[in-house]
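Chains A and B supply the protein sequences, listed in that same order.
Position one of the first sequence corresponds to residue 1 (UniProt numbering), numbered consecutively onward.
Position one of the second sequence corresponds to residue 1 (UniProt numbering), numbered consecutively onward.
There's no promise every hint is true.
[To be verified] Okay, derived cross-link-like pairs now, PhoX-like style, lysine-lysine, Cα gap no bigger than 25 Å in a straight line:
id, chain 1, residue 1, chain 2, residue 2
1, B, K318, A, K293
2, A, K306, B, K186
3, B, K421, B, K383
4, B, K329, B, K318
5, B, K57, A, K306
Note that these hints are calculated values from the structure, not bench results.
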Amino acid sequence: MELDVITNILYATIRTGTPLLLVALGEMVCEKSGTLNLGQEGMMLLGAVAGFITMYQCDNLFIGFTVAALVGVMASLIFAFVALNLNASQVAAGLALTIFGTGLSAFLGADYEGKTINALPTLAIAGFEHIPVLGKALFSQDAIVYLSWGLVLGAYLFFKYHRAGLAVRAIGENPSVGNNLGLPVMRTRYLAVMFGGALAGIAGAYLSLAYTPLWTQNMTAGRGWIALALVVFASWRIERVMLGAYLFGFASIMHLVAQAFGWAVESNLLAMLPYGATLIVLIMLSKNKQKLKMYEPMWLGKPWHKGH
Amino acid sequence: MNNKYRLTMQEMTKQYPGCIANNDVTLKIKHGEVHALLGENGAGKSTLMKMLYGVVKPDQGDMFFNGRIMNIKEPADARDLGIGMVFQHFSLFETLTVAQNIELALGDLAGHSSTLAGRITKTSTRYGMPLDPHRLVSTLSTGERQRVEIVRCLLLDIQLLILDEPTSVLTPQEVDALFKTLKSLKKEGCSVLFISHKLHEVIELCDSATILRGGKVSGHCIPKNETSESIARLMVGDNTPISNQTRRALGTADFLTVNNLTTAAQALFETPLKNINFAVQQGEIVGIAGVAGNGQEELLKVLSGEQIQASSSAIKFKNTVVDALCPLKRRRLGLACVPEDRLGRGAVPTMDLAQNALLTSFDSGLVKNGFLVKQKITELANKIITKYKVKTPSFRTHAASLSGGNLQKFIIGREVEQSPKLLVMSHPTWGVDIGAQVAIHEAILKLRDEGCAVLVISEDLDELYKICDRIGAICDGKLSPILNTDTVPLVQLGQWMAGDFSDVFNNQPKVHTPQGALA
Chain A
1 MELDVITNIL YATIRTGTPL LLVALGEMVC EKSGTLNLGQ EGMMLLGAVA
51 GFITMYQCDN LFIGFTVAAL VGVMASLIFA FVALNLNASQ VAAGLALTIF
101 GTGLSAFLGA DYEGKTINAL PTLAIAGFEH IPVLGKALFS QDAIVYLSWG
151 LVLGAYLFFK YHRAGLAVRA IGENPSVGNN LGLPVMRTRY LAVMFGGALA
201 GIAGAYLSLA YTPLWTQNMT AGRGWIALAL VVFASWRIER VMLGAYLFGF
251 ASIMHLVAQA FGWAVESNLL AMLPYGATLI VLIMLSKNKQ KLKMYEPMWL
301 GKPWHKGH
Chain B
1 MNNKYRLTMQ EMTKQYPGCI ANNDVTLKIK HGEVHALLGE NGAGKSTLMK
51 MLYGVVKPDQ GDMFFNGRIM NIKEPADARD LGIGMVFQHF SLFETLTVAQ
101 NIELALGDLA GHSSTLAGRI TKTSTRYGMP LDPHRLVSTL STGERQRVEI
151 VRCLLLDIQL LILDEPTSVL TPQEVDALFK TLKSLKKEGC SVLFISHKLH
201 EVIELCDSAT ILRGGKVSGH CIPKNETSES IARLMVGDNT PISNQTRRAL
251 GTADFLTVNN LTTAAQALFE TPLKNINFAV QQGEIVGIAG VAGNGQEELL
301 KVLSGEQIQA SSSAIKFKNT VVDALCPLKR RRLGLACVPE DRLGRGAVPT
351 MDLAQNALLT SFDSGLVKNG FLVKQKITEL ANKIITKYKV KTPSFRTHAA
401 SLSGGNLQKF IIGREVEQSP KLLVMSHPTW GVDIGAQVAI HEAILKLRDE
451 GCAVLVISED LDELYKICDR IGAICDGKLS PILNTDTVPL VQLGQWMAGD
501 FSDVFNNQPK VHTPQGALA
């Protein structure tokens with residue numbers, strides 16, 4: 001019985017942490033190239049509504065997630081054009097994108113509130129699912145959870161071993177030097193922003209197609225913002241982004257845990273917990289300022305143009 | 001096109017709004033020669049190089065490389081042709097290692113990263129500038145960073161190496177090593193374009209020279225057949241005074257004393273100061289030489305009060321301990337400070353000159369009952385502009401739109417006009433043309449003669465030897481002894497800059513000042 005509880009907690013932790021992990025991973029890659037996109041929340045909402053509408057109309061999850069990712073990319077391109085080509089303030093452009101995404105998603109989704117769809121099914125990995133405790137928690141998740149693991153691993157290897165990963169980091173440190181050396185600064189930054197957009201779209205769709213398979217206005221509930229903070233406090237390190245996302249997931253399901261163990265805790269306190277706990281832990285981890293500097297993209301948020 | 005030239009730039013013209021940066025400039029470099037490109041700041045050297053390296057598009061003109069027309073759209077094209085460039089401001093990523101930096105620049109030519117480290121070690125030793133491929137660039141000295149840049153070019157099998165003011169950041173010993181490398185490159189047939197304004201180096205190293213003035217070619221010469229003075233004339237024209245005699249002075253009483261000053265590093269790339277002792281007397285100029293990044297910035301910060309040391313008592317103005325005092329209180333005790341960074345620290349770029357004058361002078365009657373006295377502020381600004389020959393349309397001009405030299409004259413004038421008791425300056429003539437340099441040096445000397453204590457932190461050894469009464473060097477946060485300038489030969493100072501303070505007591509009595517361009 002006890003073991004079952006642990007399995008369930010672990011399972012729910014991962015499910016809850018996954019959308020945050022995806023959007024934070026996308027934002028981290030984007031920031032590594034020196035671009036700060038504050039539009040995550042907006043892109044998530046657009047992805048969520050686009051994914052839900054597509055799913056409702058076509059009843060095909062693959063198409064649903066693909067459309068969500070594409071909508072995220074398109075939204076991120078608006079940002080990229082304004083911030084990278086026109087050199088507008090990245091902060092202002094990102095905030096505008098969030099406001100735009102929030103409004104547009106509410107408008108588009110107005111007719112779909114309360115409608116139901118078939119949720120993303122779990123996909124047990126044969127052979128592993130019967131491992132005690134961990135089997136159900138880790139290997140009976142859905143496809144997007146596995147995708148997020150693949151992306152985390154891929155991004156880790158990309159930044160550690162691939163020349164292109166090195167180039168992204170270098171451009172985030174100093175795009176002018178990168179340009180002098182003949183690195184494709186604009187292309188790299190565009191691709192990084194688009195990657196962020198795609199993951200934000202998928203993360204949003206995960207909320208509306210898997211986590212709570214329905215559409216409601218503002219259903220992301222600030223996860224885009226938490227992801228932004230997560231990237232900073234994880235000091236732009238992938239393993240810490242993952243840790244932070246699951247920590248958030250764990251804290252989010254504390255009310256279930258409290259119920260399971262029969263604790264009586266004020267529910268508002270529990271609702272606050274994920275936001276507070278994630279930030280506190282990551283702030284404690286990022287205390288070492290010297291080390292932080294090694295990972296922080298030094299050009300983050302600053303406009304750049306050729307001949308700068 | 002004639003094939004005996006490695007590079008020919010024919011009648012290059014580039015116009016920016018309001019100025020012609022290059023007007024009909026022709027530059028020819030032979031195979032295996034070291035060619036100097038000379039000129040003051042603003043003469044058009046950088047623009048010409050930027051066009052050659054594909055950073056800027058020329059309005060007119062043709063470029064030929066080995067007799068074939070060049071079509072260069074971006075730096076990568078120049079590199080593919082075999083042109084390597086070492087920028088004055090290094091193109092390095094601080095948070096990456098030497099090998100990673102080189103790998104990024106070489107692209108596909110880098111091969112597999114595991115073999116690259118070996119190639120770096122091999123090439124760098126062969127040319128006499130050893131490098132550890134696995135070190136982080138942020139931990140390298142300036143001289144070592146320059147080696148990374150050069151080795152990066154050498155790995156590409158280049159035919160033309162462009163060096164933009166390469167020696168301004170090196171100790172004399174490092175300069176010698178660099179010249180050896182360049183000479184061996186030359187023997188292998190590689191051409192070198194050497195951009196500099198240090199004329200004695202050009203005479204020592206270069207086979208031929210092209211001189212620019214005001215965006216036009218003002219002359220060609222064989223440096224070995226010329227003197228520093230004759231070349232300087234070609235650079236500045238006939239009307240500018242290019243030399244002024246300086247006189248050494250003896251100080252009277254200590255004004256600034258620093259005892260056992262030690263600081264902790266605040267951030268990753270800072271150099272902590274270690275047990276620093278020195279004094280500056282009224283009526284003398286003390287110079288501190290050193291390669292950038294050896295604690296100069298940190299020293300300036302603790303002296304100016306930008307960084308306050310609450311619990312120490314190392315710094316004294318006369319008899320007042322000032323460690324814990326904010327900049328304003330130090331200023332009221334007679335400190336004036338000219339930081340290295342003109343736009344941002346020395347002046348506010350988006351404020352006009354009158355407002356910038358007010359920034360540090362508001363104690364001298366410019367404010368009444370908390371209100372600004374407009375008339376007096378403009379009077380002061382106009383006074384500084386006329387007295388220090390600042391070229392500007394009016395006092396309403398924004399600081400950002402002045403050239404570096406003019407803004408520096410204004411900042412120094414602002415500080416000098418307050419008749420400080422101690423003036424601390426960092427790189428007072430960095431990037432300033434010769435005319436302005438002479439004016440700034442005159443102002444500093446005059447202030448000294450009036451009894452002010454002056455501390456100059458600079459990388460320009462010619463300048464230090466010219467104006468300082470006593471001289472020392474800083475390396476890795478430690479300060480060498482400070483001795484009378486005329487008893488410190490250049491070799492000795494070079495050793496100090498490299499951190500070797502041992503030879504102090506075997507000082508050769510022979511006076512040996514550098515053959516400075518303008519000394």
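Here's how the hints hold up against the structure:
For the given pair, K318(B) sits about 40 Å from K293(A) by alpha-carbon distance, which is inconsistent with the 25 Å threshold. For a cut-off of 25 Å, the pair hint linking K306(A) to K186(B) is broken: about 33 Å separates their Cα positions. Simply put, K421(B) and K383(B) have alpha-carbon atoms about 21 Å apart, close enough for the 25 Å limit, and the pair holds. Taken as a hint, the K329(B) and K318(B) pair is honoured in the structure, with Cα atoms around 14 Å apart against an allowance of 25 Å.
Straight-line distance between C-alpha atoms of K57(B) and K306(A) comes to about 12 Å, which keeps the hinted pair within the 25 Å bound.
The structure does not agree with the numbered hints 1 and 2 stated previously, though it agrees with the rest.
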